[in-house]
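Asker: Here the structure of chain A is known, so what remains is to put chain B in place on it, guided by the hints.
Protein sequences, first through last, are from chains A and B.
Following my numbering, the numbering of the first sequence begins with 1 at its first residue and continues without gaps.
Following my numbering, the numbering of the second sequence begins with 1 at its first residue and continues without gaps.
Derived from the structure by calculation, the hints contain no laboratory data.
Any given hint could turn out to be false.
Below, simulated DSS-like cross-link-like pairs (lysine-lysine); rule was C-alpha separation at most 30 Å, straight line [claimed, not checked]:
no. : chain 1 : residue 1 : chain 2 : residue 2
1   : B       : K121      : B       : K12
2   : A       : K113      : B       : K121
3   : A       : K113      : B       : K111
4   : B       : K126      : A       : K111
5   : B       : K5        : A       : K113
6   : A       : K101      : B       : K121
7   : B       : K111      : A       : K12
8   : B       : K111      : B       : K12
9   : A       : K71       : B       : K111
10  : B       : K71       : B       : K121
11  : B       : K5        : B       : K111
There are 2 protein chains.
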Amino acid sequence: MLIEKFTEEEVKALGRHIIVEAFDCDDSTLNNTQLLRLMLLDAVKEANMTVCGDIFHEFSPHGVTGVVVVKESHISIHTWPEYGYASIDIFTCGNYSNPWKAYQYIIDTLKPKRIQVIELKRGMLKPRG
Amino acid sequence: MLIEKFTEEEVKALGRHIIVEAFDCDDSTLNNTQLLRLMLLDAVKEANMTVCGDIFHEFSPHGVTGVVVVKESHISIHTWPEYGYASIDIFTCGNYSNPWKAYQYIIDTLKPKRIQVIELKRGMLKPRG
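Just chain A, same shape as in the assembly (with noise of 0.2 Å):
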């Protein structure tokens, strides 16, 4: 059996993803297309990314999709108001940009009353031998 084993400062991780379930959001503000657009826009800002191009969509009767593409990757968001949540992705590699600075703005603006979050290292490569 071959076992290898590595310490996480070994190990490369190319991207960082933070997973954030915001609950208990104002619904008005989960609602708001054009608010939570220029917040994830402000929020790349943040983080010291350059955007690519964004969507969103807006949904009858409530909900709001939006995906900000960035040259680091990606932000995006899905709101469902008639329960007070959000679901967050934050996707960021490279070393110039801050993942959490992102968040932070994010969750100033939402001010959720419960937050899970979570952040995963994305593509970890093992060290060449």
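Answerer: Below, chain B without anything else, positioned relative to chain A:
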């Protein structure tokens, strides 16, 4: 202390999020923006999702970022051809789309030699008392 305990059946999840780490893919496939765009658009059809729009960006000297925004949420891909790696996210909501069909279509196209995949439930709502 208040302990709230629910079975998975009692908790409603608004979304399903499949997170894919695809290693050891063919590097020319990972650098082919047109092929990757058609792959995601076809994967969306396979999964019974409806496209709102898409954004793709090709990096120099290599790498592609692409997101297809669908009514049911989004699919994204970020590739690092120099490492043979692609990170893929398939996020769906509703009962009519099957994210695993999109996953299978993408894997059949990229043919990674090594895969890590997890499904996260997004927007887990407690039953109303």
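Asker: It remains to establish, for every hint, whether it holds in the given structure.
Answerer: Do the hints match the structure? See the list:
Of the pairs offered as hints, the one joining B/K121 and B/K12 holds, with about 9 Å between alpha carbons and a cut-off of 30 Å not exceeded. Of the supplied pair hints, the one linking A/K113 and B/K121 holds, its CA atoms being roughly 20 Å apart against a limit of 30 Å. For a cut-off of 30 Å, the pair hint linking A/K113 to B/K111 is broken: about 43 Å separates their Cα positions. A C-alpha spacing of about 20 Å is found between B/K126 and A/K111, which places the hinted pair at or below 30 Å, so the restraint holds.
Using a Cα cut-off of 30 Å, the hinted pair B/K5 and A/K113 holds, with the two alpha carbons roughly 20 Å apart. For the suggested pair A/K101 and B/K121, the alpha carbons sit about 25 Å apart, so the restraint of at most 30 Å is met. Between B/K111 and A/K12, the direct Cα distance comes to roughly 23 Å. Compliance with the 30 Å bound is thereby established for this hinted pair. With a C-alpha separation of about 34 Å, the suggested pairing of B/K111 with B/K12 is violated against the 30 Å cut-off.
This hinted pair checks out: A/K71 and B/K111 have alpha carbons roughly 25 Å apart, not beyond 30 Å. For the hint pairing B/K71 with B/K121, the CA-to-CA distance comes to about 18 Å; that is within 30 Å, so the pair holds. Taking the CA atoms of B/K5 and B/K111, the gap is about 41 Å. The hint is violated against a cut of 30 Å.
Of the hints listed earlier, those the structure fails to meet are numbers 3, 8, 11, in rising order.
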